[in-house]
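If you're matching them up, the sequences are chains Y and S in order. When we follow the numbering used here, the leftmost residue of the first sequence carries the number 1, and every step to the right adds one. When we follow the numbering used here, the leftmost residue of the second sequence carries the number 257, and every step to the right adds one.
Where hints are given, some of them may not hold.
In silico BS3-like cross-links for lysine-lysine, where the CA-CA straight-line distance does not exceed 25 Å [to be verified]:
1) Y:K86 with S:K1015
2) S:K802 with Y:K92
3) Y:K88 with S:K802
4) S:K806 with S:K940
5) S:K733 with Y:K92
6) S:K1015 with Y:K127
7) S:K1012 with Y:K86
8) Y:K92 with S:K1015
9) Y:K127 with S:K733
10) Y:K97 with S:K1015
11) S:K925 with S:K802
12) S:K733 with Y:K88
I should point out that these hints are in silico values taken from the structure, not numbers from a laboratory. Since this is a predicted model, take the numbers as computed values, not measurements.
The chain contents come next:
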Amino acid sequence: MTTTPVAGRTTTVAARATDLSKIYGQGETQVVALDRVTVEFHQAEFTAIMGPSGSGKSTLMHCVAGLDTFSSGSVRIGETELGSLKDKQLTKLRRDKIGFIFQAFNLLPTLTALENITLPMDIAGRKPDKQWLESVIQMVGLRDRLSHRPAQLSGGQQQRVAVARALASRPDIIFGDEPTGNLDSRSGAEVLGFLRNSVRELGQTVVMVTHDPVAAAYADRVVFLADGRIVDEMYQPTADNVLDFMKQFDAKGRTS
Amino acid sequence: MFRTALRNVLAHKARLLMTVLAVMLGVAFVSGTLVFTNTISEAYQKSSAKGFDQVDVAVTAESREDKGNTIGKNPDLTQALLEKSAGVPGASNAIGVVSGFTAIADKDGKLIGGGFQSQGGNYYGDKDPRYPLSEGAAPHGANQVAIDSETAKRAGYKVGDTVRLSVDGPVLKPVVTGIFTTDDGNVAAGGSLALFDTATAQKLFGKPGTYDEIDVKAASGTSQTALKAALDKALPADLVETETGKELADEQAEMISSSMSGLKQGLLVFAGIALFVGTFIIANTFTMLVAQRTKELALLRAVGASRRQVTRSVLIEAFVVGLVAAVTGLVAGIGIGAGLKSLMGTLGATVPDGPLVITPGTVGVALAVGVLITMLAAWLPGRRAAKIPPVAAMSSVHAKATTKSLVLRNTLGALFSGAGVAVILAATTMDGSDGQAPMGMGAVLLIIGVFILTPLLSRPLIAAAAPLLRVFGISGKLARQNSVRNPRRTAATASALMIGLTLITGMTVMAGSLQKSIDKMASAAVKADYVVSMANGNELSADVEKKLAKVGDVTAVSPLRNAASRIDGHTEYLTGVNGSAIGELTDLKVDDGAFKVGGSQVVVDQDRAKSFGWKAGSTFTVHYEDGKAQKLTVAGVYEGNELISGIMLDTATLNPHLSDPSDMQVMLKTSDGASATTKDKLEKALGSNPAIKVQDKKDLSDSIAQMFTLMLNMLYGLLAMAVIVAVLGVINTLAMSVFERSQEIGMLRAIGLDRKGIKRMVRLESLVISLFGGVLGIGLGVFFGWAAGELLGTKMATYELVLPWARMAVFLLLAATVGILAALWPARRAARMNMLAAIKAE
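Generate the whole structure from the sequences, applying the supplied hints.
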C-alpha cells in the first residue's frame, strides 16, 4: 500500500474536524457513529470519504457540512467554529460558504435548470456573478438546456445541474453525498470529471462521500472510515488501489 | 381487504384528521339543528297543549267574506250567545274571551318584550280557571289589571304597583291587583300578558259587549264531541263555528311544527353548504392518499386483487373515516342543540322547559349523512386507484400528481359557465317572478362551471399575483409555483372557500342594495319630519293624531287611515288622509291631473288607475264598510311606491263610515324640523308611551339599517361554518403539500433557506390559494348580487345596485386571514422538518 503525501503545495485548510464525536442514544442502546475523528480538508483538494455501510462516512460529512449536530469535538469551516452556531447562523453559513450535491439530485421541479442553478443566490438575495455563471454552465455543458425543467432532463443532466448549482455561488467547499449513486457509469464519469476539473482549474474544494472505488479514483485523496474512526488515507488513488485496500480491509475486518 | 383498509386508516390518522374534522363539523351542524328544533318544537307543543286544558269546545264567530258591494263583517259573539252556550246540556260553564295587543312598560318606561308578544285579555269573572292567581285578586274596573308572574318577576312589579300600559295609543296607568300563572305560549316564549276585567277589555280592544271566542267546558261525563254536537244544535249555525279543544290543540301543534320546520329547513340548508364544502376536502385527501400509495395498490393488483376490490378498499376506508366523523359529529351536535337552547334562554328568549329530544331519526340522519358524504367524495379517487396498473408496483418511480390533460375538463367548464351566464343574463331581462327560476338555474350552472374551471383559472389569476409575491424574494416565487403545481388540488381548496364567500358577498350586495332602495323609498316620497307608529306595526288609535295636532310646533299632520271598501266588486283599501296637509307631508310625483284631496276629490296611484281604467276626472262609486255608497272623482294620478299607494281620500269624507277609525301611522311636520327637543315634546304629548314610536327620517333609515344588519349578521353566522370547513381544507392541502415536498424542503434548508424562509414560503402559498378562492368568491358574489338585483329592480322602482366596497375589502382580508391562519401549523411543521431525514427520504 502506497501513500504519497503531496509535497511542495501550500495547503490551506478549508474545513477541519477535531476530536469529532457523534453519539446516538444513551446507555445500553448507545451507538457511536463518530469516534473522536480528526480530519482536515485542504483547499483546492478533491477528497473522497470511503468506508463500508455504517462506518459513519455520511455522518461525518453531515456534521462537517453543518447539516447535523455533533456530540463533542469541534468543526471549523474556514475560520468559523460550527459548534457554537445557532440554526440561523448555520443556515447562513451553508448558504454562503457551502455547496451541496445530493445522491437524489434534489432539484426543484417547478424551476428551470437555470433557476435551479441560481437558487442559492436567489435565497441569499444576491445577483449571481455573470461571468462565473457562464463559465460554470459552459463547463457542465448545459447551455442549451437552461430553460428545461428537471422532468425534461435525464438523470445525468439533472446531476450536472446540481453540480452547477453547487459551483455557481463559489462556495468555500462543496460536499457531495454519493453524487453518482443514482447515475449510470457514463453520466457518473462526466459528473466526477466536472468535479475534478473544478478542483484542478478553478481551485474549488470538494469533499465527496462514496462507496465506489472508481469514483474515489477521481479524488486527490481518499479518507477511509470504519466504525466511526479514520483508519487510513491514500493520496493519488487509483480504482485498483482503492479496491485492493477495501478488500484488504474487509478481510481484516472479518478476521479481527 | 377490510383489514387492509382499516390498517390504512390507522396508519394515516394524522393525515385524515382534517377530513374527519370537516365531516364532523357538517354532521354536528345537521344533528345540532335537528336536536334543537325537535326539542324546541316538542316543548312548545307541550306547553300549548296545556293551554287548551280549559277548553273543551271553542265557539267563534262565523267568518264572512266580502261579497258584491259589501265588506264582509263577522257577526258579534254577544253576551246572549255566551249565556246560551253555558246553558247547553253537557256544558259545565262558559267563558268569554277577549284579547288584543297590550304593551307593558317596565319601571324605566321601556317596553317589556319585543312588542310582538305583548298580549292583553280579559280576566273572566272573579275566578277565571284559565289564570290561577298566585297573588292578589281579580281586576275590577278600568283602573285595575292583573299581570303574568313572569312579567312581574322580570320588571319587578308587585301587587299594588301602578303600571303603564298601552293598547292602541293612549297610556293607561292601572294598579296591579293580581299576579297569575299561565301556560300561554306567548308568555312561555318571553312575551307579556295583561288582563283586565271583561268590560274594560271589551272596551279597550274595541268590541264593547262582544267576545272573540267563547270557551265552553264540558260537565264531567260529557265528551268534547258530544258537547260540540249539543252546541251546534243549540247555537245559530249562520252566526258561529265550533271546534273541540282537541282539534284546536292539534291545529296549534301542526302550526308550531310547520313553523319550526321552516327554521329547521333554513338551518339545514346552511349545514348542507358546510357539508358540500367538506366534500372538497375529503376528495383532496383521498386523492392524495391514493397517489401516495400507488405502489402499494399496484402490489395488491399484482398479487391478484381485482379493480373492484381496490376501489372497495378505498371506499371501506372512507366508510370508517365517515363513521368516526359522523359519531363524533352527532355527539357534538347534541351538545350544540343543548347549547343553543340555553343560549336562547340567556338571550332573553324564554323557551318552555322540556327534555332534550334526540329521535332515532336524528341519529340515523346524522350517521347516514356523515358516512354517505365521505364515501361519495372518496368514490372518484377510489376509481382512480383501481386504474393503477399492476406494473406500477415494479417501477421505482414515485407517483406523480395526476397530469391528465385538463382539456376535457376546461371544455366542460366553459360550457357550463357560458350557459350559466347566458341564462342569468336572460333572466335579468325578465319580469320579477318569471325570472326567478331561470336565475336560480343559471346560478347553479355557473357555480358548477366555475368549479370545473378553477384549475384553468388558477394559473392566470395566480400569475397576476406574481409582482406582489416578488417582494418576498425566493419564498414568494416558490410559493407561487407551488400553488399552481397541482391545479386540481389548489382548485378544490380554493373552491371550498369560494362557495362561502360567494354566498356572503352575494347576500351583502343584495342586502346593501335593498337597504338603500327601501331607505330611498321611505324618505324620497316623504316630506314629513316625523312618522308616528305602533312598535309592533299594529294600528294606532285615532286619538293619537288628535293629540299630536294639538302640539304647538306641529304645522301639518295627517294620518294614514286604513279602511276596507268595495269598488266594482273588488276589495280595495282606502287611505284616509288629511287633505289639507298631505301635500306638505308627501312628495309624490303626479302623472295626470292634480294632487288634490278633499270632499269627493281623491287621488289614486298608477297601478289602481291602470287596473280600473281611471284618468284624472274619472268618477267611480265606492261602497264603505258600513254599506253606504258614494261617488268619488279622481283628481290626480300619482306614482305610488311600496309605502304609499292606493286611493287617498280626505278623513272628513271617510270618517263617518268607520265604526272604529284607526291609523297605520301619523305623519307630521313641525316648525323647526326634526330635533331632539321636538321629538321629546311629541313623545311627552303622547304620554311617553312605550308602545309608540316617534321616528324622524334618520330613525327610519336607522331602523331599516338595523333590520338588515341583524339579518346579515345572522346569515354571516350561519355561513361561518362553511368558511371554517374551508379553512380546514386549506390546512389539509398545505399539510399534504408539505408532506409531499419534504425532500425539497430538506434540500432548500440544506442549501441555505432558513426556517423563516420556509415558513414564509408555506404561508405565502396558503395566502395565494386563499386569496384565489376569495377573489373568485367575491367576484361571483357580486355578479349574483347584481343579477338578483336586476330581477328585484323590476318590482322596485327605487332599486339601485350598491357595491359594498368596504365590506368586499373586509372579505378579501378575511380570505387572507384564513390563508395565514391555515398556514400556521403546516408552516411550523415544514420549518421543523428534519433536514437529513427529508433529503434521504427516497
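Ascending list of hint numbers which this structure does not respect: 2, 3
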